[in-house]
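Produce the complete structure using the sequences and hints provided.
Chains A and P supply the protein sequences, listed in that same order. Going by the numbering used here, the first residue of the first sequence is number 578, and it counts up by one from there. Going by the numbering used here, the first residue of the second sequence is number 15, and it counts up by one from there.
Don't take every hint at face value.
[To be verified] Here are the in silico distance ranges between beta carbons for each label pair: (1) A/579 x P/87: 40 to 46 Å; (2) P/71 x A/629: 25 to 31 Å; (3) A/629 x P/73: 26 to 32 Å; (4) P/73 x A/689: 29 to 35 Å; (5) A/691 x P/21: 32 to 38 Å; (6) P/96 x A/689: 36 to 42 Å; (7) A/586 x P/100: 32 to 38 Å.
[What the hints assert, rightly or not] Derived pair list, reagent style DSBU-like, types lysine-lysine, alpha-carbon separation capped at 35 Å: (8) A/684 x P/78; (9) A/684 x P/28; (10) P/69 x A/626; (11) A/684 x P/80; (12) P/34 x A/646; (13) P/80 x P/69; (14) P/69 x A/684; (15) P/78 x P/34; (16) A/635 x P/55; (17) A/646 x A/626; (18) P/28 x A/626; (19) P/69 x P/28; (20) A/646 x A/684; (21) A/646 x P/80; (22) A/626 x P/34; (23) P/28 x P/80; (24) P/55 x A/646; (25) P/55 x A/684.
What the hints contain is simulated information worked out from the structure, not anything from laboratory work. Here a beta-carbon is modelled for each residue, glycine too, at the ideal position from N, C-alpha and C.
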Amino acid sequence: AQSVTQLDSQVPVFEEAPVELRCNYSSSVSVYLFWYVQYPNQGLQLLLKYLSGSTLVKGINGFEAEFNKSQTSFHLRKPSVHISDTAEYFCAVSDRASGYSTLTFGKGTMLLVSP
Amino acid sequence: GAVVSQHPSWVICKSGTSVKIECRSLDFQATTMFWYRQFPKQSLMLMATSNEGSKATYEQGVEKDKFLINHASLTLSTLTVTSAHPEDSSFYICSARDGQGGYNEQFFGPGTRLTVL
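Following this line, the structure appears as structure tokens:
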């Protein structure tokens, strides 16, 4: 079984500032890692994913994340945020054996961008 | 890109009635569909996994007789909340997985807000 811990429930930040949303996972098997964004009253949109290869993954909207196997982390970063980035962000993990079949989500981090 | 729709986007019903939520994959065939439930300010919890033409697999603690799932075609799955009660009020999200290629990503629908009075 896997578990995902998002260390911050809420991250306030000013517009154009950099941001890091933290995610740690626990698993006894190799995993795939994902970050999703959810705008109010909407479904989830995939930001980026780590499957294999380079540990630095670039996604949409200027976001990137780095897979650190030794620290079992997959932190999400953006060098300069916009007001429109205000949303809930979910880190998720899926074990490689099931492919993408079963996603385990963290509790989410609310990113609040202020002008 | 792959698009998943849900209908209705929101519904209000009286306690004791049943509500059906539809999940459709619009531009791909979904061999597997998933149903999630999300309470306010909380994460998504997987309720069940359904494969086209077979019975759904429910997660532990989810009442299969209360949350009826049907996946009758490769583009449609339905979730029926039977005899709904206020505690069933939640945001229900479906996702669909295209099993045709090697890229088996889950694509999420926009969600359905259920309010039971």
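Hints, verified against the model:
1. Look at residue 579 of chain A against residue 87 of chain P: about 31 Å separates their beta carbons, and that is not inside 40 to 46 Å.
2. Hint check: residue 71 of chain P to residue 629 of chain A, Cβ distance near 28 Å, so the stated range 25 to 31 Å holds.
3. Between residue 629 of chain A and residue 73 of chain P the beta carbon distance is about 28 Å. The supplied range of 26 to 32 Å therefore holds.
4. In this structure, residue 73 of chain P and residue 689 of chain A meet the distance hint of 29 to 35 Å, their C-beta atoms being roughly 31 Å apart.
5. About 36 Å separates the C-beta atoms of residue 691 of chain A and residue 21 of chain P, a value consistent with the hinted range of 32 to 38 Å.
6. Between residue 96 of chain P and residue 689 of chain A, the C-beta spacing of about 38 Å keeps the proposed range 36 to 42 Å intact.
7. At roughly 26 Å, the beta-carbon separation of residue 586 of chain A and residue 100 of chain P lies outside the given 32 to 38 Å, and the hint is violated.
8. Distance hint between residue 684 of chain A and residue 78 of chain P is fulfilled; the C-alpha atoms sit about 25 Å from each other, no more than 35 Å.
9. Pair hint residue 684 of chain A plus residue 28 of chain P holds up; C-alpha atoms about 30 Å apart against a cutoff of 35 Å.
10. Simply put, residue 69 of chain P and residue 626 of chain A have alpha-carbon atoms about 30 Å apart, close enough for the 35 Å limit, and the pair holds.
11. A hinted pair counts as satisfied when its Cα atoms are at most 35 Å apart, and residue 684 of chain A with residue 80 of chain P qualifies at roughly 25 Å.
12. At most 35 Å may separate the alpha-carbon atoms for a hinted pair to count; residue 34 of chain P and residue 646 of chain A exceed this at roughly 43 Å.
13. Of the pairs offered as hints, the one joining residue 80 of chain P and residue 69 of chain P holds, with about 15 Å between alpha carbons and a cut-off of 35 Å not exceeded.
14. Restraint check for residue 69 of chain P and residue 684 of chain A: satisfied, since their Cα atoms lie roughly 29 Å apart, inside the 35 Å limit.
15. Annotation: proposed proximity of residue 78 of chain P to residue 34 of chain P holds, straight-line Cα distance about 14 Å (limit 35 Å).
16. Between residue 635 of chain A and residue 55 of chain P, the direct Cα distance comes to roughly 27 Å. Compliance with the 35 Å bound is thereby established for this hinted pair.
17. Between the alpha carbons of residue 646 of chain A and residue 626 of chain A the distance comes to roughly 15 Å, so the proposed pair stays at or under 35 Å and holds.
18. About 41 Å separates the Cα atoms of residue 28 of chain P and residue 626 of chain A, which puts this hinted pair outside 35 Å; it is violated.
19. Restraint check for residue 69 of chain P and residue 28 of chain P: satisfied, since their Cα atoms lie roughly 28 Å apart, inside the 35 Å limit.
20. A threshold of 35 Å between alpha carbons decides the hint, and for residue 646 of chain A with residue 684 of chain A the separation of about 21 Å falls inside it, so the pair holds.
21. For the hint pairing residue 646 of chain A with residue 80 of chain P, the CA-to-CA distance comes to about 41 Å; that exceeds 35 Å, so the pair is violated.
22. Among the hinted pairs, residue 626 of chain A with residue 34 of chain P is consistent with the structure: their alpha-carbon atoms are about 32 Å apart, no more than 35 Å.
23. Our distance criterion of 35 Å between C-alpha atoms is met by residue 28 of chain P and residue 80 of chain P, whose separation comes to about 16 Å.
24. Note on residue 55 of chain P and residue 646 of chain A: the hinted pairing holds, with a Cα-Cα distance of about 29 Å set against a maximum of 35 Å.
25. About 8 Å separates the Cα atoms of residue 55 of chain P and residue 684 of chain A, which keeps this hinted pair within 35 Å; it holds.
Of the numbered hints listed earlier, those contradicted by the structure are 1, 7, 12, 18 and 21.
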